[in-house]
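K.L.:
Chain A is fixed; fit chain B onto it per the hints.
Listed in order, the protein sequences are those of chains A and B. The first sequence begins at 1 in UniProt numbering and counts up by one. The second sequence begins at 1 in UniProt numbering and counts up by one.
Take these hints with a grain of salt, some might be off.
Residues on chain B that point at chain A, a partial pick, calculated with CB under 8 Å [as the list claims (entries may be wrong)]:
{"no.": "1", "residue": "Val12"}
{"no.": "2", "residue": "Ile47"}
{"no.": "3", "residue": "Met55"}
{"no.": "4", "residue": "Gln64"}
{"no.": "5", "residue": "Ser99"}
{"no.": "6", "residue": "Val111"}
{"no.": "7", "residue": "Val267"}
Simulated pairs of lysine-lysine, BS3-like, Cα-Cα distance not exceeding 25 Å [claimed, not checked]:
{"no.": "8", "chain 1": "B", "residue 1": "Lys56", "chain 2": "A", "residue 2": "Lys56"}
{"no.": "9", "chain 1": "B", "residue 1": "Lys252", "chain 2": "B", "residue 2": "Lys188"}
{"no.": "10", "chain 1": "A", "residue 1": "Lys160", "chain 2": "A", "residue 2": "Lys139"}
{"no.": "11", "chain 1": "B", "residue 1": "Lys56", "chain 2": "A", "residue 2": "Lys292"}
{"no.": "12", "chain 1": "B", "residue 1": "Lys188", "chain 2": "B", "residue 2": "Lys79"}
{"no.": "13", "chain 1": "A", "residue 1": "Lys160", "chain 2": "A", "residue 2": "Lys189"}
{"no.": "14", "chain 1": "B", "residue 1": "Lys139", "chain 2": "B", "residue 2": "Lys196"}
{"no.": "15", "chain 1": "B", "residue 1": "Lys160", "chain 2": "B", "residue 2": "Lys188"}
{"no.": "16", "chain 1": "B", "residue 1": "Lys56", "chain 2": "A", "residue 2": "Lys283"}
{"no.": "17", "chain 1": "A", "residue 1": "Lys252", "chain 2": "A", "residue 2": "Lys79"}
{"no.": "18", "chain 1": "A", "residue 1": "Lys252", "chain 2": "A", "residue 2": "Lys188"}
{"no.": "19", "chain 1": "B", "residue 1": "Lys160", "chain 2": "B", "residue 2": "Lys139"}
{"no.": "20", "chain 1": "A", "residue 1": "Lys56", "chain 2": "B", "residue 2": "Lys283"}
{"no.": "21", "chain 1": "B", "residue 1": "Lys396", "chain 2": "B", "residue 2": "Lys382"}
{"no.": "22", "chain 1": "A", "residue 1": "Lys56", "chain 2": "B", "residue 2": "Lys292"}
Residues from chain B that keep clear of chain A, each with C-beta distances beyond 10 Å, as calculated [unchecked claim]:
{"no.": "23", "residue": "Asp26"}
{"no.": "24", "residue": "Pro27"}
{"no.": "25", "residue": "Asp148"}
{"no.": "26", "residue": "Ser213"}
{"no.": "27", "residue": "Gly214"}
{"no.": "28", "residue": "Met281"}
{"no.": "29", "residue": "Lys283"}
{"no.": "30", "residue": "Asp285"}
{"no.": "31", "residue": "Leu290"}
{"no.": "32", "residue": "Leu303"}
{"no.": "33", "residue": "Asp336"}
{"no.": "34", "residue": "Gln338"}
{"no.": "35", "residue": "Arg347"}
{"no.": "36", "residue": "Thr376"}
The set of hints was computed from the structure by calculation and includes no laboratory data. Glycine included, each C-beta is placed from N, C-alpha and C at the ideal position.
Number of protein chains: 2
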Amino acid sequence: MQYEISNRMSDVHGSAIRELFKLGADPNMISFGGGNPSAETFPIPEIADIIADVMKDAPVSVLQYGLSEGYTPLRDTMKDYLTRTQGFDFENNELFILSGGQQCADLTTKVLVNEGDVILTEDPAFVGCLNTFRSYGAKLIGIPMQQDGMDTDALEAALKAHPEAKLLYTIPSFQNPSGITTTLEKRKKVYELACKYDIAILEDNPYGELRFSGEDVPTIKSMDTEGRVLYAGSFSKVMAPAFRLGFLVFNKSLTMPLTIAKQTTDVHSNVLFQYVCNEYMTKYDFAAHLDKARDVYRAKCNLMLDTMRRTFHPAVTFSQPEGGLFAMAFLPDGMDSQPFVREAIQRGVLCVPGSAFLADEKQVSNAFRLNYSTPTDEQIVKGIEILGKLTHEWIKE
Amino acid sequence: MQYEISNRMSDVHGSAIRELFKLGADPNMISFGGGNPSAETFPIPEIADIIADVMKDAPVSVLQYGLSEGYTPLRDTMKDYLTRTQGFDFENNELFILSGGQQCADLTTKVLVNEGDVILTEDPAFVGCLNTFRSYGAKLIGIPMQQDGMDTDALEAALKAHPEAKLLYTIPSFQNPSGITTTLEKRKKVYELACKYDIAILEDNPYGELRFSGEDVPTIKSMDTEGRVLYAGSFSKVMAPAFRLGFLVFNKSLTMPLTIAKQTTDVHSNVLFQYVCNEYMTKYDFAAHLDKARDVYRAKCNLMLDTMRRTFHPAVTFSQPEGGLFAMAFLPDGMDSQPFVREAIQRGVLCVPGSAFLADEKQVSNAFRLNYSTPTDEQIVKGIEILGKLTHEWIKE
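Next comes chain A alone, as it looks inside the complex (with noise of 0.2 Å):
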């Protein structure tokens, strides 16, 4: 048989970094490739007793089908949680327990974005998600990364051009694949927008309790009067990416959409690992746990921006993260870092060339992102120094 695939299917490529993965594998590869949290920050003695506990005590309330719109108590905590830490109002939101930060994008693009419709999003944004809004056909246009978030102007004027877009794709901190953190004073500036133009916003914010260094800036949803903002957390960096969960805060008017969008998806989520997730944050001192990760991630961050200003040709600059696991390189202006990538993939060393990251993925780009979450400090300095050695190659003095 001779299959069509779908419109909406058709224009979306595989992605470039999980395709990466697999030859990140190779035990001889130092891979910046991935996105990977560092295996040392899971708290693998507490899951393990959670487990053995509640496979003991009752056991068929964390095997049998449990509800779409996540495990109660679970939910409760997190609203708990959000209300303490970002000051989220639960008078006016929803929240709900999805597979992942990935499923809370899918879920929202699924339930807001007709074929066809308009997405505005950072360029750079994560592949991931454009993915995810390709899928449904959405047609993206990219909001250029600034120092300080994207550039507000060319939000304004895309609004303009685009009345009738959609969606707002952001990740103000520590953004992947950028590492930036959009300052204060362009998230106001960004909802500020989104009201005068009446758009949603999809603020992704899988790293936030990742901040190693600098100040806290309020999230974009914390300011949400208007319950415009769709906020999506993840328990893929502060707990382990394989329970595949995170949770999606929204107006509560989307609460029926998005339980049936849930429903013919995938029912419900993991609920062994709901009730993880919720008796460690309840039990357990959570925030300790996200000092210790986030000691881990200062410390390899460090290391890699230590290791680039050392080997780096000084032509080219890098970005500062303060939290995550993301850090980007941008070789100078007008070369393109895809052979760069490849020739650096030849002498060992997987990282991703910024267009894969693109809205428009055929533009060029000078820049190329490094994960330094997963690779061991050896791998950190000895994949550093070839790439320093090769940047100083490839730009002609």
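P.N.:
Chain B alone, transformed into the frame defined by chain A:
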């Protein structure tokens, strides 16, 4: 903010059954409404042991990001199992582990069906998948179910009338909701018509391993020489539902679009439970486990059918399931089961009106679905006696 819900989601209503689950949580309600497997069948000590061991020996392997296609050892185990038990051909087919049978339908639709496309479905059929199809804006055409499977004359007429139809949806074994098993002759005829009219089949077989009487009938996929059958299986009924694991077998030409669809939806499925399934199937006596589950369902089904024979008005007919979790009862022709079900709920017994399972939910149905896997034996007898009394009141002789 006033949200506008996407076209695709505007016409999908919540699953009546998922909402009934909430009523079913009332401890005074006898629920035949759900579709939960019996918790007696969960291999709890074995699951607990496998998890305890892997959390001690290789925790990171089950907590870190996994592959979108599924955990490779489990994929290999399932290919081997399905080759052995069903004669599937993995030269031309591929198998992915997905997040439950529901996601098998979700990704199949995402990849193959455009908005406005026709999907042909058994009528009645599993409402969870009907809603999935609706959530992609598909137009559903129902093919009436008969005692031996769908009406193949009606199927051929529909195929002629809708040459553009993209997919035919069927649950040939122990169908949800009807409990009907499609005969070998009809399976052959369905496959032959699919070939003649060049349409893909989604064969949904979540209950296939739960035959407790009669002879095995080959799956449609086992006859598939043209690669036109997508075969969905589930671990929900043979391990535990909260695993959220199923598997999809499909023509290799669909590997890339299905990989991308999975990446954009939830990245990958829960790794820990994929590991558990693989260990269980390779190191424990899976066949004996299935036999035990079949014993449970045989006893419960017989008890329900016997009580129905004893107490129901003779004008009420019902299916004779040879496996699975459901029986369907039929009030006399022309009667509407909705007010009957509402009255039953008033009296403390929950079942689901047949109209919930129709391609066109506005049609009247004289049927109601009865689940025998979840209630206790006492609840089965007491609940059916209440329904039986009601049939006598309802049907004026």
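K.L.:
Honestly, which of those hints from before does the structure not fit?
P.N.:
none
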